[in-house]
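Protein chains: 2
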Amino acid sequence: MPAQPRSGCAINAAVEVLGDNWSLIVLRDIIFGNRRHFRELLTCNNEGIASNMLASRLKKLIDEGLLTRADAARGQRAEYSLTEAGIQTLPVMVALGTWGMTHRETSRELTIRSRLMAEDPQLVDGLMDELRETHLGVPRPNPDAPRSSERLQAAYEAEIAGS
Amino acid sequence: MPAQPRSGCAINAAVEVLGDNWSLIVLRDIIFGNRRHFRELLTCNNEGIASNMLASRLKKLIDEGLLTRADAARGQRAEYSLTEAGIQTLPVMVALGTWGMTHRETSRELTIRSRLMAEDPQLVDGLMDELRETHLGVPRPNPDAPRSSERLQAAYEAEIAGS
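The listed protein sequences derive, respectively, from chains A and B. So for the first sequence, this note's numbering puts the first residue at 1; every next one is plus one. So for the second sequence, this note's numbering puts the first residue at 1001; every next one is plus one.
If you're looking for bench data, these hints aren't it; they were derived computationally from the structure. Errors might be hidden in some of the hints.
Label-pair distances were calculated between CB atoms; the ranges are [claimed, not checked]:
no., chain 1, residue 1, chain 2, residue 2, range
1, B, 1062, A, 55, 33 to 41 angstroms
2, A, 139, B, 1070, 51 to 59 angstroms
3, B, 1155, A, 4, 21 to 29 angstroms
4, A, 102, B, 1046, 27 to 35 angstroms
5, A, 77, B, 1146, 50 to 58 angstroms
6, A, 51, B, 1048, 42 to 50 angstroms
7, B, 1119, A, 147, 25 to 33 angstroms
8, A, 141, B, 1068, 42 to 50 angstroms
9, B, 1056, A, 56, 18 to 26 angstroms
10, B, 1056, A, 157, 41 to 49 angstroms
11, A, 102, B, 1050, 27 to 35 angstroms
12, A, 119, B, 1056, 33 to 41 angstroms
Predicted, not measured: the structure shown is a model, and the values here were computed from it. Where a beta carbon is used, it is the ideal one built from N, C-alpha and C, also for glycine.
Let the sequences and hints guide you as you build the complete structure.
Right under this line is the structure:
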């Protein structure tokens, strides 16, 4: 259970859970990289997260109700899933990405997705629907609509190919 | 000067600057409380920030280009001002406030402003224009339009009076 909050302020409540150097980075890798296992979260991370840090962030995110962990059968790897609260951190990431690409040095390839999402809120909503399907088993409301993830991935690959 | 970022990712770039337990809280107090001096930032803070923590956060926010500090004349207090990068943290706070009031226990009085801003992006834009006037001396584009800050303050006071 989370501890008593420092105040009743909604911004503070979010900062207490998400306001550290790694929690949002781990969530980003799960959301955009679809990494569900400890090993890939560790080895594929662009910022070089350390193993003990990853373990402590995953534990915190479970304790705070943003992730769940499926117990692994013998010889299998434990799988992490986003909860609804975890999925709803996506708009926070979009806002942070917009700030980061405006006020900091960033690379063109690694900001293309942030740029597209900043421009098109429907892309963000569509991606959240996909995450609900993948992580919570809730079917997408418009299964015939093009997938936001495919649009983002295509834009990313075009950016890589052109650079 | 900020150090070299851990990666070229825009979300990471923002997390490196804003991803701690206090930076966004100090910015929130400057933005919504119009607190410009060390003493009021310390004594009016709802979360009980410690003096040495406040000093270190203010220094970091200046180093990272989100605040400036006007040297105080003898017997006067130094005044902090937001930069454009500091003002543009407002949408991040709105996204965090929306997440916090949805997924955490918060108080009704302290979330009324977050609720209004989540519902009305124009309110956020208007508040940023006011901040540019107050902190950067840039006149508001629509000086005759009602002030977002007054609308937010009136809603907050109505909430307090009715509770």
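How the hints compare with the structure:
1. B:1062 - A:55: 33 to 41 angstroms: About 35 angstroms separates the Cβ atoms of residue 1062 (chain B) and residue 55 (chain A), which means 33 to 41 angstroms holds.
2. A:139 - B:1070: 51 to 59 angstroms: holds, 57 angstroms
3. B:1155 - A:4: 21 to 29 angstroms: The hint (21 to 29 angstroms, Cβ to Cβ) holds, given that residue 1155 (chain B) and residue 4 (chain A) are roughly 27 angstroms apart.
4. A:102 - B:1046: 27 to 35 angstroms: Hint holds: Cβ distance 29 angstroms, inside 27 to 35 angstroms.
5. A:77 - B:1146: 50 to 58 angstroms: holds, 56 angstroms
6. A:51 - B:1048: 42 to 50 angstroms: About 34 angstroms separates the Cβ atoms of residue 51 (chain A) and residue 1048 (chain B), which means 42 to 50 angstroms is violated.
7. B:1119 - A:147: 25 to 33 angstroms: At 28 angstroms between Cβs, range holds.
8. A:141 - B:1068: 42 to 50 angstroms: holds, 47 angstroms
9. B:1056 - A:56: 18 to 26 angstroms: holds, 23 angstroms
10. B:1056 - A:157: 41 to 49 angstroms: Check passed, 42 angstroms falls within 41 to 49 angstroms.
11. A:102 - B:1050: 27 to 35 angstroms: holds, 31 angstroms
12. A:119 - B:1056: 33 to 41 angstroms: holds, 36 angstroms
Violated hints amount to a single one, hint 6; each of the other numbered hints is respected by the structure.
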